[in-house]
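K.L.:
Model the placement of chain B on the given structure of chain A, informed by the hints.
Quick mapping for you: the protein sequence lines, in order, are chains A and B.
Per my numbering: the first sequence = residues 51 to 616.
Per my numbering: the second sequence = residues 538 to 845.
If you're looking for bench data, these hints aren't it; they were derived computationally from the structure.
A virtual CB, placed ideally from N, CA and C, is assigned to each residue, including glycine.
Treat the hints with care, since some could be wrong.
[What the hints assert, rightly or not] Restraint ranges, calculated between C-beta atoms of paired labels, are given here:
#, chain 1, residue 1, chain 2, residue 2, range
1, A, 369, B, 702, 54 to 62 Å
2, B, 675, A, 376, 27 to 35 Å
3, A, 71, B, 612, 58 to 66 Å
4, A, 372, B, 557, 48 to 56 Å
[Said to hold, decoys possible] No more than 25 Å apart at the CA atoms, straight line, and that leaves these computed lysine-lysine pairs for BS3-like:
#, chain 1, residue 1, chain 2, residue 2
5, B, 732, A, 374
6, B, 732, A, 377
7, A, 500, A, 470
8, A, 253, A, 103
9, A, 201, A, 174
10, A, 253, A, 141
11, B, 731, A, 377
12, A, 351, A, 374
13, A, 579, A, 374
14, B, 808, B, 601
15, A, 242, A, 314
16, B, 731, A, 374
17, A, 141, A, 250
18, A, 351, A, 314
19, A, 591, A, 315
20, A, 500, B, 563
21, B, 705, B, 683
22, A, 470, B, 732
23, B, 732, A, 500
[Unchecked claim] Facing chain A, a subset of chain B residues (Cβ under 8 Å, in silico):
#, residue
24, 603
25, 605
26, 736
27, 739
28, 755
As a plain string of letters, each chain reads:
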Amino acid sequence: MNNLITVNDLTIAYPMSDGEIFRALNNISVEVNRGQIVGVVGESGAGKSTIGKTALGLLDENAIIEGGSVSLEGEKISNLSEAGFAPIRGKRIGYIYQNPMTALNPVLTIGEQLLETIEAHTDKRGNAAKAYAIELLEQAEVPEAEDRLSKYPHQLSGGLCQRIVFAIAICARPDLIIADEPTTALDVTVQKAVLDTLKKLAKQDNIAIILITHDMGVVAEMCDYVYVLRYGGMVEHGPTEQVLAHPSKDYSRELMAAIPRIDKKVDRFAVPGGMGKSADRDRALAFLLRREDRNVIVDDKPLLTARNLSKTFVTPATVVSAEKVFKAVDDVSFDVSHGETLGIVGESGSGKSTVGRMVLGLHQPDEGYELTYRAQDLSSLKSRAERLALSKSMQCIFQDPYSSLNPRMSAGENITHAIKAHGTVGRTEAHELAGDLMELVGLPRGNVRKMPHAFSGGERQRIGIARALSFRPDFLFCDEPTSALDVTVQAELLNLMKDLQSTLGLTMLFVSHDLAVVRQMCDRVLVMKAGQVVESGDCDKVLVDPDHPYTQGLLQAMPRFSFDMG
Amino acid sequence: METAVEHTMTPKPDKPEPTMWERFRKVFKGHPMAIAGLIGVTLFILTAVFAPFIAPQNPYDLAKLDILDGLLPPGSRLYDGTYSAMGTDALGRDILSGVMYGLRISLFVAFTAVLVGSTIGVLLGLLAALRGGWVETIIMRAVDLKISFPGILLALMLLAIFGTGVDKVIYALIIGAWASKARLVRAVALSEMKKEYIDAARLAGLSDFRIMTRFLLPNSISPVLVVLPMSISGAIGAEATLSFLGVGVPITEPSLGLLIANGNDYLLSGKWWISIFPGAVLVAMVLCINVVSDRLRDHANPYLRAKD
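Just chain A, with the same shape it has in the complex (with noise of 0.2 Å):
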């Protein structure tokens, strides 16, 4: 009995409300080793997560652990109570959770949490436990580390919050740390400082880690054993590089052929998917490429050109805070020609989707700039019907699935209600539009009257480019449309947006925060750092061998495989 924990058989199940059970596990085994940091992947609802949960007795009460166990150290801890979970949780088995900001108390100080962790789990008082806390931070590498402790968590980024986390998680000195996802909510620069420190904790004090992500270049970077689960089922194991490069399962090959690759551009991703192949495709596109009702000017002139574009966010002064000023965008000039995909990369906060909703008129530009679409200045209009013919040709593909969408009203009525609305179709001619444009994105038709809360997320984002397209426009600001999707969704909606560019003669604004999609999408990118421009050309080039430091630093912070993957 080597092993540290061992999940055995474990199987899950959650009775729904319709009286079916739902197997959020089903016969899991995974077995953990003293010092192994173990990787489980997988997409959402695989039920990664619900692993972690049930090592430390954190599953909701009306979970039913239908069958298996979890062992630690060789002792049955899966059946303890709430008071019997009391001297593992913390003390042997570590948790780290997704988001950084939401767990720590917004109320305390860092050092009052540390301290109050301290006082629990070990005897250490007064000065020797401040003592102890100052070190805990200085192993997690947060910097100046004795000024942080009476700070509070909104004042620190989210990447020094999550080193708290770290801090808190270890010092127990437990065995094993769980980290569900611990770098999701991060920028890419920051994930990859703060994985390193958890790498090198773990070696140090000898903990092992189970690390929960749906990251595969995180896998790759950190990881000597893989778990790649599905639907609560167990796809296949092993060591990471067995798996990653020679996956001996179907799903896992199609999970390594999704993932976007940055060291060079594929026509398209090897998943299944892309527009719709029915008689019913057909006609779609029969209206959206029937254009007798505007005049398209196609010359050498760029489509849109951007120039001096900025945004000044203003907070008002109240009572108790001074007036808040944010530039969120500083001078950004950019051409798009017709046919051509730009991209805009940067990390959370560079302005990135301001640019392209200033470009659509969501937000009202500073003053001093210069906006020409279609060699109409677009500063200068000021009739409403104008201003609406306009935005009929430029549409946006929105970045939450979630959100998106009208709840309140069917698929097929969020995709035509606005061109119906304008009188461009018919009441009966909307429906059948609905339903052909519902096939053309890969959704059968008979799915028209469903309402958005019965679609997945990929599925909700298809509506959604099919709303997009039934305006029949030239030019599309994708924000960040796959960035909340699993990465086979996202592999096959980014065929679809292939497809449909190649087909129609799509302009796109394609902003995205992931290097690699953007290398998949786009001909030219911009990247974006604190509102500016820091480097712009095509993705050959500046994805490839970047002249800014910053560009070469996200290239560099991206985690990817390094194996071949023939």
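P.N.:
Then chain B, alone, in the frame of chain A:
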């Protein structure tokens, strides 16, 4: 943030959308108090609607009243042989009939006032959220102003100025009902405004009116629907108070409040039934509505619903 149950991707056979009736049943299933309340509310409403057909006597018809029947205790027989379960008042009016007709007035006044007031409030709240700027400032300051007055005092002032009557009481109660709804709806609508489907609607060039009615309204209305029953029971109480104080409905069309006031003078002389029966009905009805509304509120609260 991933709970396996919510994000299940396991292919599942399509299930039909639950019908209104199924959803309605689900709200009340396993809550006997709420079901009792619901039955009570239904009975009160039916009684009010059908009062002219089921009341033993028409209390508005002065020709039918006989002074000889005055102040009879419960269980007596009137001069014309009608059985009087709740006794009679000084004018010989059957209390049970008075209560049935009084329910009509009370419910009509409360429902009309709350529905009209809430509609105005909801529209103003949505407008404030959608337009922002000075429109929002004016609307919300008006709300603050209204809410800073004690409701019953405001109603008393209005009735003192405009005179009494069923319509005047309804106006006074409408002014009492709109402000809290406006505030509630604005708060919900503001959070909806941040969602991307509103951006999509703006991008589609839809008019503010359409965005308000088809996008904001259906997604912001739920909390108002939940507090609506509570508002109605509040309005019933407020109307009763106004009538009791003599500034409410006219004496010729007595509501429950006026009936209670009617018997006030006789309470100490042992003629308890004139006030007590209308009072008991008022309490029972408000209680029933509140029980039902509590259940609706709990059901709408996702934190509590998880334990259902």
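K.L.:
Tell me, in ascending order, the numbers of any earlier hints that this structure violates.
P.N.:
Numbers 1, 12, 18, 24 and 25 - these are the hints that the structure violates, sorted from lowest upward.
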